[in-house]
Amino acid sequence: MKNTQSLKLNRDFRRVYKGASHAGGYTVVYARKNRYGFNRLGLTVSKTAGKAVVRNRLKRLMRESYRLMEDDIREGYDIIIVARNRAVGKTFEQIRGDISFSLNKLEMKK
RNA sequence: UAAGUAAACGAAACGGUCGCGCCGGUUACUCAUAACCGGUGAGGAAAGUCCGGACUCCGAAGAGCGUGGAUGCCUGCUAACGGCAGGUGGGGGCGACCCUAAGGAUAGUGCAACAGAAAAUAAAUGCUCCGCAUUUUUGCGGAGCGAUUGUGGAAACGUGCGGUAAGAGCGCACGGGAACGAUGGCAACUGAAGUUCCGUGUAAACCCCAUCCGGAGCAACUUUGGGAAUGUUAAGCCUGCUCGGCGUGUUCCCUUGAAAGGCUUGAGCGCGUCGGUGACGAUGCGUCGAGAUAGAUGACCGUUAUUACAGAACCCGGCUUAUUGUUUGCUUACACG
RNA sequence: CGGGGUGUAGCGCAGGUGGUAGCGCACUUGACUGGGGGUCAAGGGGCCGCAGGUUCAAGUCCUGUCACUCCGA
Numbered sequence: 003m004k005n006t007q008s009l010k011l012n013r014d015f016r017r018v019y020k021g022a023s024h025a026g027g028y029t030v031v032y033a034r035k036n037r038y039g040f041n042r043l044g045l046t047v048s049k050t051a052g053k054a055v056v057r058n059r060l061k062r063l064m065r066e067s068y069r070l071m072e073d074d075i076r077e078g079y080d081i082i083i084v085a086r087n088r089a090v091g092k093t094f095e096q097i098r099g100d101i102s103f104s105l106n107k108l109e110m111k112k
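Numbering (the numbering used here), first residue to last: 3 to 112.
To be clear, the hints were calculated from the coordinates, so they are not data collected in a lab.
All residues carry an ideal CB built from backbone N, CA and C; glycine is no exception.
Heads up, some of the hints might be wrong.
Mimicking DSS-like on lysine-lysine, the simulated pairs with C-alpha atoms at most 25 angstroms apart in a straight line are [said to hold, decoys possible]:
hint : residue 1 : residue 2
1    : Lys49     : Lys20
2    : Lys35     : Lys111
3    : Lys61     : Lys20
4    : Lys92     : Lys49
5    : Lys61     : Lys107
6    : Lys35     : Lys53
Label-pair restraints from in silico Cβ distances [stated by the list, open to error]:
hint : residue 1 : residue 2 : range
7    : Leu11     : Gly78     : 13 to 21 angstroms
8    : Glu72     : Tyr19     : 18 to 26 angstroms
9    : Lys107    : Gly78     : 16 to 24 angstroms
10   : Ala54     : Gly78     : 27 to 35 angstroms
Whenever a hint applies, use it, and build me the whole structure from the sequences.
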């Protein structure tokens with residue numbers, strides 16, 4: 003993704019969790035403004051969601067959803083997408099629509 | 001056709017648009033990096049982490065010992081193994097075929113509930129004979145005996161006949177078991193003829209015997225700083241030598257965060273040939289097929305008949321577990337020829 | 001990567017030295033009360049996570065396996 007880095011450190015995650023959030027049907031989206039000129043994306047899937055294959059599948063769907071709407075998102079924010087356990091087995095369109103709705107609610111779209 | 005049994009193979013393919021990790025090339029840039037082009041990119045179990053190794057460190061990892069651990073029929077294969085192959089003994093199945101921790105109970109110790117006379121140096125109820133007492137019934141004492149008796153998983157080799165006062169492998173016939181044993185086999189084992197003998201089970205109870213094992217693990221481990229003190233012994237540079245300097249060595253203090261290596265060419269893979277019943281070995285030719293670091297394989301669409309279990313994190317050989325499809329050999333039953 | 005623990009009645013736990021598995025709460029029935037609560041009495045409920053083995057006999061011993069959970073690097 004051309005204008006986005008991945009969010010890695012635990013202290014960064016804890017900082018973002020204090021920011022704005024919106025819970026959708028399958029995901030929860032957190033966002034907080036950062037000091038950089040680009041976005042940072044963190045993905046979280048709980049261990050209770052399933053085995054490694056299931057968790058990787060969810061992360062890929064979430065990353066692909068973000069990639070396709072990256073151009074419409076305002077820059078300079080840290081964003082975390084957390085998958086809820088009920089998202090297991092859902093299609094790409096369901097996940098993408100859920101994330102898009104949450105980002106609109108957070109007024110992250112340009 | 002049905003049921004069963006043993007194996008083998010596969011784990012989607014092709015195309016289009018967007019996107020990701022690594023490698024190579026070109027261009028731009030001081031570098032980091034960016035763009036473009038090309039190549040490459042998860043499994044049969046990658047899983048569980050149950051064994052064995054490689055590798056690294058622990059001063060050395062060589063030998064011995066063990067109130068430690070593991071293994072446990074034999075022979076072989078292998079780097080090694082608790083794995084595999086072939087066989088032996090035992091067990092299951094009508095059969096194809098399958099299962100098997102399978103050394104030692106005359107080295108010693110322990111345990112065997114309940115029931116039963118008795119659960120391991122057998123004798124309670126009893127049976128027979130003798131003596132004494134007693135009207136009889138019977139009682140007491142002595143000697144002999146191991147047949148009988150609700151039990152029990154297991155009861156003193158089994159059945160029959162003889163024999164005897166009563167009895168008893170006491171003797172005989174048939175059968176069973178143990179030790180020795182010809183033959184065959186590298187061995188486990190086999191076990192002819194014959195001889196001797198016949199009081200249980202449990203070692204996945206302690207134990208004995210034989211064999212093997214040093215410990216920890218890639219978050220292993222290695223490299224990459226600053227300052228001070230000490231020393232000039234060895235190697236290197238400044239010089240041909242000495243001295244001196246740099247650097248190196250040792251010790252202490254600060255920094256506890258980061259980067260790089262380890263990281264993929266290996267007991268490798270494919271196809272032949274030869275040896276072996278086989279596991280496997282030898283050899284010829286060809287070939288390079290992931291290497292990330294919050295962890296790369298995704299989204300949408302088309303065609304064909306199409307998906308279950310499931311995602312590498314140092315590597316390799318096994319084992320176990322999860323799970324899908326196809327094919328083949330064989331067995332049994334039924335029907336037809 | 002390495003190490004440990006747990007699984008037994010609806011729930012929480014004993015029993016781990018082989019010999020027919022218990023305790024508390026809960027549940028059912030009855031009695032006391034006009035009724036409820038409470039108390040008392042009686043009772044039901046288990047193949048001890050699963051599979052196989054050793055043994056006369058396994059919750060207990062052995063092997064494999066599944067799930068949950070904790071600790072260390």
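Evaluated hints:
Restraint check for Lys49 and Lys20: satisfied, since their Cα atoms lie roughly 22 angstroms apart, inside the 25 angstroms limit. This hinted pair checks out: Lys35 and Lys111 have alpha carbons roughly 14 angstroms apart, not beyond 25 angstroms. For the given pair, Lys61 sits about 22 angstroms from Lys20 by alpha-carbon distance, which is consistent with the 25 angstroms threshold. About 17 angstroms separates the Cα atoms of Lys92 and Lys49, which keeps this hinted pair within 25 angstroms; it holds.
Between Lys61 and Lys107 the alpha-carbon distance is near 22 angstroms, which keeps this suggested pair within the 25 angstroms criterion. Distance restraint check for Lys35 and Lys53: the Cα-Cα separation of roughly 33 angstroms exceeds the 25 angstroms cut-off, and the hinted pair is therefore not satisfied. For Leu11 and Gly78, the hinted distance range of 13 to 21 angstroms is satisfied, since their beta carbons lie about 18 angstroms from each other. Judged by the Cβ atoms, the range 18 to 26 angstroms given for Glu72 and Tyr19 holds: they are separated by roughly 22 angstroms.
The supplied range of 16 to 24 angstroms is met by Lys107 and Gly78, whose beta-carbon atoms lie about 19 angstroms from each other. For the hinted restraint 27 to 35 angstroms between Ala54 and Gly78, the CB-CB distance of approximately 33 angstroms keeps it satisfied.
Hint check: a violation occurs at hint 6 only; the rest are consistent with the structure.
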